[in-house]
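Keeping their order, the protein sequence lines are chains A and B. Per my numbering, the very first residue in the first sequence carries number 1; after that it's consecutive. Per my numbering, the very first residue in the second sequence carries number 1001; after that it's consecutive.
Hints are computed from structural coordinates only; laboratory data are not their basis. Since this is a predicted model, take the numbers as computed values, not measurements. Built from N, CA and C at the ideal position, the CB exists for glycine as well.
Below, a sample of chain A positions facing chain B; criterion: calculated Cβ distance under 10 Å:
no., residue
1, Asn12
2, Ile13
3, Cys19
4, Ala22
5, Thr45
6, Ala50
7, Ser51
8, Val53
9, Asn172
10, Tyr176
11, Leu186
12, Met192
13, Gln195
14, Glu201
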Amino acid sequence: MSRPKIARKSTNIDMTAMCDVAFLLLSFFILTTKFKPSEAVPVSTPNSVASKVAPEKDVVMLSMNKDGKVFLSVGDSKADKERKETMIRSLNGSKNLGLSEADIKALTAAPFIGVGFSNLSQQAKLPTESVNDKLPGIPAQDSTNNQVIDWMRAVTEAYAGTKPNILLKGDNVAKYPSFKNIITALKKNDLMKFQMVTNPESVPNGTDLWRANQKGVKQEDL
Amino acid sequence: MAEMDTSSGGGHKKGPGVKKGKKMSTRVDLTPMVDLGFLLITFFIFTTTMSQPTAMKLFLPKDTDKPEEQNKAKESGALTIMLGDKNHVYYYEGILDPAGANFKSSSFKDIREVIMNKKKSTDEKDFVVVIKPGDQSTYKNVIDILDEMTINVVKKYALVDISEGEASLVKASDATAQ
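In isolation and in its complexed conformation, chain A is listed as follows (with noise of 0.2 Å):
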């Protein structure tokens, strides 16, 4: 009795087709990410259970860093670059701070304000790579000299009939004094609205939050 042969065949698989597979992944993974623009300001934000991303579009962001010192910008789209010129400018007229043209041009391209009214001609003289957060931050500390009240009214102005998104963004360690002095700021122009950048976390299971998520009650509607 002859038994049939059985073709033996080679334990190596060819590898191509799956090495084809994974570069197209990758290629498109890089294409699609983006990554995170260098912060100047380096600011560790606290996480909460929010689950709607943050918006990227009309977004005035004040950063408020571990010793408290505030720090404002603006969205990167060029409209958002035209405001912020337009509060510098109102800011400029109102406030008498001697701003020359090219002052005005160096400060709407910086990264963010630091520095109270005083100082910004002196900030807008600064070369890029010392606008960080070593400067001292807008002063907020008491109702006598909240300069962000001014910033903000500036803001609503410059914003006059779309809706910025104010975005805080704070520190984990920063003290509440200086978020209640924030507060105090965006009350005072009626920004009653505004959002606090976090990281996203998990809803603890058992919570009222975790039972109404399972009934699929979304959390903006509670």
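Position chain B relative to chain A; hints supplied.
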């Protein structure tokens, strides 16, 4: 895998002294390349999803000086939470006892239980949480406690400045608690 093909022996003889040219396989082992590819894919997948920050909404109430426009909180339904130094949390229900008898100490882990119990035991329309962050509390503490409001679906809560008496109680408790 990428071994050389040595099985090509046994061909015809070229003649004495003529060396046989070894036939090399043109196949390259792609396994490490695939490994590398997938490693990079994993890296990019993680970086894309992780760096999406979320935003938490906060609506501030309008400050009114007229007492008739202010929201009255019912004493029985009020829970006041105070934030102290080094992540300490204190709370009391209703109105603070002058001697501080109902002033209780808690922590961020236990405060959820407190809020849930209070929510269960009071009428929903009377339930209001008053948050009073002290001067020593951090931004993270405030966000955490606001987050607790979301987690426990507390509809009415207010962020209020701490009063002198409460601040001193918090300070005293901060000093004793470690």
